[in-house]
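For this one, chain A is given, so just place chain B on it according to the hints.
Spelled out, the chains give:
Number of protein chains: 2
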Amino acid sequence: MYDFSADSADCVRSVEAGLSDVLTGARLSGPGPAAERLVEAMRHGSLEGGKRLRPLLVRQAAAIFSVSREAALPAGLAVEMIHCYSLIHDDLPAMDDDALRRGRPTVHKAFDEATAILAGDALLTQAFAILADPRCHPDPDVRVALVAELAAGSGAGGMVGGQMRDIEGEEGSFSETDIATMQAMKTGALIRAAVRMGAMLGGADPRALSALTAYAEAAGRAFQLADDILDVTATQEAMGKATGKDAGAGKQTLVSRLGLDEARKNLDAIVADAISALRTFGPRADGLRATARYFAARKR
Amino acid sequence: MYDFSADSADCVRSVEAGLSDVLTGARLSGPGPAAERLVEAMRHGSLEGGKRLRPLLVRQAAAIFSVSREAALPAGLAVEMIHCYSLIHDDLPAMDDDALRRGRPTVHKAFDEATAILAGDALLTQAFAILADPRCHPDPDVRVALVAELAAGSGAGGMVGGQMRDIEGEEGSFSETDIATMQAMKTGALIRAAVRMGAMLGGADPRALSALTAYAEAAGRAFQLADDILDVTATQEAMGKATGKDAGAGKQTLVSRLGLDEARKNLDAIVADAISALRTFGPRADGLRATARYFAARKR
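Residue numbers (my numbering), protein chains in the order written: chain A, 1 to 300; chain B, 1001 to 1300.
Read the hints as simulated data drawn from the structure, not as lab findings.
Be a bit skeptical, because a hint or two may be false.
[As the list claims (entries may be wrong)] Taking beta-carbon pairs under 7 Å as the criterion, some of the chain A residues facing chain B (in silico): (1) Ala26; (2) Ser29; (3) Leu38; (4) Ala129; (5) Gly158.
Where a beta carbon is used, it is the ideal one built from N, C-alpha and C, also for glycine.
Bound conformation, chain A alone:
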């Protein structure tokens, strides 16, 4: 019987330990010694806190193919570093201008803007160094496929492109399709990459990869819709970051379009879609099933 709380807590612990291990001056890739201030900022922006949902998705997808938690960790760390760098850059004054993240000062508040920009750049780069390392997977074909997948999920056609669309959307008027495209890129693309990378670690065949991609795309939509609902309903205290921001910024979400009740109904349907995409996998996909349900049920 799959235990989501236990698996999730174990993932949080191993990601924390894994990031802490990589993010020391001596371990960071490059010919020279990383500046101490840079390493501190990278640690501030990635350690302590965070639900580590993307590494959890990597390990849960990998588990379908009997890949161990340990073997799925490096790829999970790479995805999490991308997530963390994106938060550091998103929090900058020129972007969302946030002072608080996970209940602590954001990197540019704890350090300064230049350091935050560089810490983000360094985390982004380190993510690819981790994937290229033989400890990530013994087969170079798999490692290079992971690099391609993470770049696709996080680049101009993925996360960063979605962030750009989000900023543009604050100025213009967005259709429901525009919002869906923006969210599929901004949040969905990295979730999609996490699931697919887990599948790749396990040597998934094209059919399994396609089913897991369908799962991931629905799970990503569920995650974002739940986030938009929480922005309206949750308190800042529970979230550890500012809430009510979307409405305050005049930002258009599916919740502002559909209303809260309709949005909640949609959320249930999307979670059902995600779970139905897993039907061929049996109990080894219980982890992914539980995470899709968690996305909809979470309170923060």
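For chain B alone, coordinates are given in the frame of chain A:
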């Protein structure tokens, strides 16, 4: 007989065409369509202008192993994208606060700060997508080695780490060793990666790779020292960017330490070191020899 001007001009043309080809919305990696504004900013920050010295080093190192110009191009584009992203981020108000680059408005001036941050992030990410693509090299072992090399050259232990040290140096007092370490990382690490990536494309054995690394490290020192000398001696008009900035910012360079005459003597010695590291390679290394000489002789 090797013709530096012709090879360099050809490299500028093919890098320009190659970047323009990759940097269209349809070609950028990811599940969604890249936002037009993001693509425009990526193009503004990387097309038209730039001496393309790093792709030139990739092709020249690769030429030692009979790798064609065409086959060396994708790796060269990846290195150039890293260089261009670093300029976009360095120019930001929180960093060097430059309004002018290559005689044109910097990306945050032509667009805005948020767009410049994202365009830099997207170029960084796209560089790794290019290396992971089979068109870069047929052997996944080589592609994954290129990813590792570029990440090492550009991350916390390389270029970004050097940038952090440079910022710290504006506040404290730097020894000559501190300056050398900072410059070896900030400028040297990416030049080193470019040369080594060219060697890797050609399947260089460890001995050849080691000799080329020695060349690259000396060439990188020559490049930076020449840059510091130009900052003192050249006009803004010739450089297409602000000069005299180092002294204005109280920034410590080897020129401010050694004086101009001593710095010029050092430069000649370093170029001689670079060229002597190539002694086993014969005429196929004439490209790299010419570039080392060019680094010292360039007027902008």
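Hint check:
{"no.": "1", "hint": "Ala26", "result": "9 Å, violated"}
{"no.": "2", "hint": "Ser29", "result": "4 Å, holds"}
{"no.": "3", "hint": "Leu38", "result": "4 Å, holds"}
{"no.": "4", "hint": "Ala129", "result": "4 Å, holds"}
{"no.": "5", "hint": "Gly158", "result": "4 Å, holds"}
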